[in-house]
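The lines below spell out each chain.
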Amino acid sequence: MDPGKFLLFATGGLADAAYLFIVAAGLSLVFGALRVINMAHGSLYMIAALVSVVVANRLGAGIGFLPSLIAAVVVAAAIGAVIEVTVLKRVYGHEHLVQLLATYAIALIIGGAARLIFGPNYRTTTAPVQGSLTLLGYSYSVYALVMIVAAALIGVAMYGMLFRTRLGRNIRAAVSDPELLNASGVNVTLLYTTVFVIGAALAGLGGVIVAPSQAVDPTIGDSVLVLAFAISVIGGLGSIIGSAVGALMVGEVISFGLITPATNSFALAFVFIVMTLVLTVRPWGLFGRPES
Amino acid sequence: MRSLLPRRQADRVRWGLSILLLVLAAIVPPASQYLEAQGLIESSRFEIVLGVTALILALWAISYNLMLGYAGMVSFAHAAYYGVGAYTVAILLQRYNISYYAALAIAPAVAAVVGIVTGFVALRAVRLYFSLLTLAISQLLYSVAEGWYGLTGGDNGINGITAPDQLTDYPTLYYFVFLIVGVSLLLMFILVRSPFGAALLAIRENRERARSVGINVKAYELAVYTIAALFAGLAGALFPLVQPSVVPSMLFWTENATPVVVTLLGGVGAFLGPGLGAFIYTGLYNSLSRDFPYQLDVLLGAVVLGVVLVAPGGFASVPDLLAQLRRRIVGEGPVAAEAETKGEAMQMLDVTRAVEAHAIQVEPVARGEVLLKLENLSKSFGGLRAVEGVNLEIHEGDRHAIIGPNGAGKSTLFNLITGRMRPSAGRVWFDGRDITGRPPHLIAKAGIGRAFQITMIFPRLTVLQNLQYAMLAHRGRTVQPWGLADRIYRDEAMQLLDAVGLGPYADLPAGQLSHGDQRAIELAISLALGSRMILLDEPTAGMSAFETRKAMELVRRIATERNLTLLFCEHDMSVVFGTARTVTVMHQGRILTQGTPEEVRSDPEVQAVYLGELDVEDEEAAPA
Numbered sequence: 000m001d002p003g004k005f006l007l008f009a010t011g012g013l014a015d016a017a018y019l020f021i022v023a024a025g026l027s028l029v030f031g032a033l034r035v036i037n038m039a040h041g042s043l044y045m046i047a048a049l050v051s052v053v054v055a056n057r058l059g060a061g062i063g064f065l066p067s068l069i070a071a072v073v074v075a076a077a078i079g080a081v082i083e084v085t086v087l088k089r090v091y092g093h094e095h096l097v098q099l100l101a102t103y104a105i106a107l108i109i110g111g112a113a114r115l116i117f118g119p120n121y122r123t124t125t126a127p128v129q130g131s132l133t134l135l136g137y138s139y140s141v142y143a144l145v146m147i148v149a150a151a152l153i154g155v156a157m158y159g160m161l162f163r164t165r166l167g168r169n170i171r172a173a174v175s176d177p178e179l180l181n182a183s184g185v186n187v188t189l190l191y192t193t194v195f196v197i198g199a200a201l202a203g204l205g206g207v208i209v210a211p212s213q214a215v216d217p218t219i220g221d222s223v224l225v226l227a228f229a230i231s232v233i234g235g236l237g238s239i240i241g242s243a244v245g246a247l248m249v250g251e252v253i254s255f256g257l258i259t260p261a262t263n264s265f266a267l268a269f270v271f272i273v274m275t276l277v278l279t280v281r282p283w284g285l286f287g288r289p290e291s
Numbered sequence: 000m001r002s003l004l005p006r007r008q009a010d011r012v013r014w015g016l017s018i019l020l021l022v023l024a025a026i027v028p029p030a031s032q033y034l035e036a037q038g039l040i041e042s043s044r045f046e047i048v049l050g051v052t053a054l055i056l057a058l059w060a061i062s063y064n065l066m067l068g069y070a071g072m073v074s075f076a077h078a079a080y081y082g083v084g085a086y087t088v089a090i091l092l093q094r095y096n097i098s099y100y101a102a103l104a105i106a107p108a109v110a111a112v113v114g115i116v117t118g119f120v121a122l123r124a125v126r127l128y129f130s131l132l133t134l135a136i137s138q139l140l141y142s143v144a145e146g147w148y149g150l151t152g153g154d155n156g157i158n159g160i161t162a163p164d165q166l167t168d169y170p171t172l173y174y175f176v177f178l179i180v181g182v183s184l185l186l187m188f189i190l191v192r193s194p195f196g197a198a199l200l201a202i203r204e205n206r207e208r209a210r211s212v213g214i215n216v217k218a219y220e221l222a223v224y225t226i227a228a229l230f231a232g233l234a235g236a237l238f239p240l241v242q243p244s245v246v247p248s249m250l251f252w253t254e255n256a257t258p259v260v261v262t263l264l265g266g267v268g269a270f271l272g273p274g275l276g277a278f279i280y281t282g283l284y285n286s287l288s289r290d291f292p293y294q295l296d297v298l299l300g301a302v303v304l305g306v307v308l309v310a311p312g313g314f315a316s317v318p319d320l321l322a323q324l325r326r327r328i329v330g331e332g333p334v335a336a337e338a339e340t341k342g343e344a345m346q347m348l349d350v351t352r353a354v355e356a357h358a359i360q361v362e363p364v365a366r367g368e369v370l371l372k373l374e375n376l377s378k379s380f381g382g383l384r385a386v387e388g389v390n391l392e393i394h395e396g397d398r399h400a401i402i403g404p405n406g407a408g409k410s411t412l413f414n415l416i417t418g419r420m421r422p423s424a425g426r427v428w429f430d431g432r433d434i435t436g437r438p439p440h441l442i443a444k445a446g447i448g449r450a451f452q453i454t455m456i457f458p459r460l461t462v463l464q465n466l467q468y469a470m471l472a473h474r475g476r477t478v479q480p481w482g483l484a485d486r487i488y489r490d491e492a493m494q495l496l497d498a499v500g501l502g503p504y505a506d507l508p509a510g511q512l513s514h515g516d517q518r519a520i521e522l523a524i525s526l527a528l529g530s531r532m533i534l535l536d537e538p539t540a541g542m543s544a545f546e547t548r549k550a551m552e553l554v555r556r557i558a559t560e561r562n563l564t565l566l567f568c569e570h571d572m573s574v575v576f577g578t579a580r581t582v583t584v585m586h587q588g589r590i591l592t593q594g595t596p597e598e599v600r601s602d603p604e605v606q607a608v609y610l611g612e613l614d615v616e617d618e619e620a621a622p623a
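Which chain is which? The protein sequence lines are A and B, in order. Be aware that the first sequence starts at 0, since it is given in numbering that gives the first Met the number 0, and climbs by one per residue. Be aware that the second sequence starts at 0, since it is given in numbering that gives the first Met the number 0, and climbs by one per residue.
It is worth saying that the hints were derived from the structure and are not from the lab. Don't take every hint at face value.
Here are some of the chain B residues that sit facing chain A, going by a computed Cβ distance under 7 Å [as the list claims (entries may be wrong)]:
| id | residue |
| --- | --- |
| 1 | V73 |
| 2 | Y99 |
| 3 | L122 |
| 4 | A124 |
| 5 | Y128 |
| 6 | S142 |
Computed footprint of chain A on chain B, listed as stretches where at least three residues anywhere in the stretch have a Cβ under 8 Å from a Cβ of chain A [what the hints assert, rightly or not]:
| id | stretch |
| --- | --- |
| 7 | 143-153 |
| 8 | 251-261 |
| 9 | 292-299 |
The calculated SDA-like cross-link candidates involving lysine to any residue, where the alpha carbons are at most 25 Å apart (straight line), are [to be verified]:
| id | chain 1 | residue 1 | chain 2 | residue 2 |
| --- | --- | --- | --- | --- |
| 10 | B | K217 | A | E94 |
| 11 | B | K217 | A | H95 |
| 12 | B | K217 | B | A124 |
| 13 | B | K372 | B | P439 |
| 14 | B | K217 | A | P282 |
| 15 | A | K88 | A | F5 |
| 16 | A | K88 | B | L298 |
| 17 | B | K217 | A | R281 |
| 18 | B | K372 | B | L308 |
| 19 | A | K88 | A | R34 |
| 20 | B | K217 | A | W283 |
| 21 | A | K88 | B | L308 |
| 22 | B | K372 | B | D433 |
| 23 | B | K217 | A | V280 |
| 24 | B | K372 | B | M420 |
| 25 | A | K88 | B | P458 |
| 26 | A | K88 | B | A256 |
The beta carbon of each residue, even a glycine, is placed where N, CA and C say it ideally should be.
Start from the sequences, fold in the hints, and give me the full structure.
Now the structure itself:
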């Protein structure tokens, strides 16, 4: 394959991996600390994307981006806080069945509410940075490169938060030994709310970042949720590094799946084949820990 | 919320509602024609088609509930099998000109084949990961439906499917579907009440316990997954009768909202619950979806959330809730009265038991032949030798205690005997047969039972069902998909329950009993499994002094009555010296000494390493 084309598809995969990583990391963090699979994670992503598009278009592309980012992430985080306090607190420690169904119900509610508020049609906005650059004969949008850098920065920030702050230490304790955490005098109730809000904010951040690069409607959360699951499961639920590796694999599989007409209808199918293979061989994922 | 005793009454209400539902479903065509003649509705055809839709949905949702309600599995691939059924019919009709009836017969088979293959993959993982794998499988099948233009028409789907001429008359169409759905429901109804269904309930309640009574959990899960896929495929095959086109989005994972909502709306606990849900859903959907489509989504989500958080029974639990309400309003009633006297009855039972137990204790125990023999048994973990060169003979009918300080290797020794660990060296003989390294369920079958491990019961099944289902599984009857599980081995289970003093609680959910009584259920399960020897690992851990005394009296009495051999390890020395006829002392993985309780007590060597510690505990335990 000619190197220019290879670079094009590799970068495309990286751009997909960028926003998928942000979304999946939030999902994975919540699962790791709270042991809850949040079926409404994609809905938070979707709401944030819609809010950001509406705000950005109202204020004008470019200058509107930062306010739209803040507004969207705050909305996602606030909805997350409401979900955690009103619903999740009641299902912690229940069987997975109850948690799956409860958060799935929330996803249905948010999906209906989003159609009610924003209408069913898709919306678009322009990227805050325009322009493109050419490399080895193919052109790249600058915004795609911005997405990749942003994801890398968010990854580093998360790592710093988890390993350099008191909050991060408590979250890691919640992941590895919840009982010890209970005994250590940390306000676990507050910690759980905080973790879920961070997870929701990450979903929102993913939605904001992806919004300028695609059409946004109330269904975009449904397909992203499945990809985020695929990533978390491949990388290992609860592992941030796993999310990064999983996102890279999924992003590149989708991107290179599109490379020939023979395979491009099945690009997504490849992702689920990879996921199925990983889960059957190593059910707890590449970087995860077996559940006791 | 679960009702206590008035199940029978609630059941009667439920049966009445079910029959009412069936009758109402049966008269949809004439009723709507009558209403049309009276000018009350515009078109009877429309109502009849709605009825057909509800019937198809009922079949789909009830097949979903086979997994959700009966086996406790959350699948996100059920819409995919429904879609596979619909696509099979569409493809056979449009591309191969096969008759609809032939296609209707082939479609469920195709769905079942897809179901068994994909289910086999999904069931490599358990619970949560199983659910996530079904999600992946669902999206995989969706991608195939969308991507395989040559076969499925890609994202355009397959259009212009027409029902066969014989079914163009609406009432005929309705009764045709009614018949197929009715027969399917009947088959599923027989299935869930059969011993096979009992195995599913056991798995839902406690996978570990189900395995230890001899149920091959994965095989049953795969079986029910495949059966559910088959009926979903049949429902999907009926779908083209009311809709002319089949599109890939039918397989998208979010489509599972329909069976999930319908199932929870009607109730997972009752067989026809999802059927009721289907009619409610269809009515709601039809009256709201045109004018308030998004409000409807919110409403359905709220209903699911409410059901999950507040009333896990859905509409089907209304009789239970009403019975509870009635009890609260009417006051005590016979139920509450019985519950009130429970405590008193228990006290009285205990007095008689205590007297009996004392009589038994002074009786000498008849020691028979050697039942269990350990030969030079060793187990090391890395460099650590947990058990080293243990030779031990346990005689039939003996009550044999193993004591020793923490880390002496008692638990490891137990795990070697029950097959949970493989020994590094040495042999285990039981009743003259070498059982070294056999898997746990085969050792259980050979006659070594374990009891008194917490949560080893099926909490939401009745006490009686706990025993009956364990017997069904142990005797290999759970492969049978017909017959009434609750009627099999009933008397035998009842006798066992009476023997352990749980007779009065036979119809209560096991999870509602006290800690000590739950352990009595476990003991009864061990007896039900025909165990000749029962291993008790710290039987009284976590029990109050009162419960401890009660439980050990029970164990002694049962062991004497049924000539059971007991092998137990225990820290509470009052329990050890009150129950055991033979005591083995372990220390650092080896056997230090063995003898009667009196011999062990007075052994100077034992006192040197261990009994100093014991005496203190003994004195502490004595006044309690």
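Here's how the hints hold up against the structure:
1. V73: holds, 5 Å
2. Y99: violated, 29 Å
3. L122: violated, 10 Å
4. A124: holds, 5 Å
5. Y128: holds, 5 Å
6. S142: holds, 4 Å
7. 143-153: Check passed, 6 qualifying residues.
8. 251-261: Result for this restraint: holds, n = 6.
9. 292-299: holds (count 8)
10. B:K217 with A:E94: The given pair, whose Cα atoms are some 19 Å apart, holds under the 25 Å limit.
11. B:K217 with A:H95: The given pair, whose Cα atoms are some 18 Å apart, holds under the 25 Å limit.
12. B:K217 with B:A124: holds, 10 Å
13. B:K372 with B:P439: holds, 17 Å
14. B:K217 with A:P282: This hinted pair holds, its Cα atoms lying about 15 Å apart.
15. A:K88 with A:F5: Judged against 25 Å, a Cα distance of about 48 Å means the pair is violated.
16. A:K88 with B:L298: holds, 22 Å
17. B:K217 with A:R281: holds, 18 Å
18. B:K372 with B:L308: This hinted pair is violated, its Cα atoms lying about 52 Å apart.
19. A:K88 with A:R34: holds, 12 Å
20. B:K217 with A:W283: Within the cut-off at roughly 18 Å; holds.
21. A:K88 with B:L308: Holds, because 11 Å separates the two Cα atoms, which is no more than 25 Å.
22. B:K372 with B:D433: Status holds; Cα separation ~9 Å.
23. B:K217 with A:V280: holds, 17 Å
24. B:K372 with B:M420: Distance ~17 Å between K372 (chain B) and M420 (chain B) Cα, so the pair holds.
25. A:K88 with B:P458: Holds. K88 (chain A) to P458 (chain B) sits at ~24 Å (cutoff 25 Å).
26. A:K88 with B:A256: holds, 23 Å
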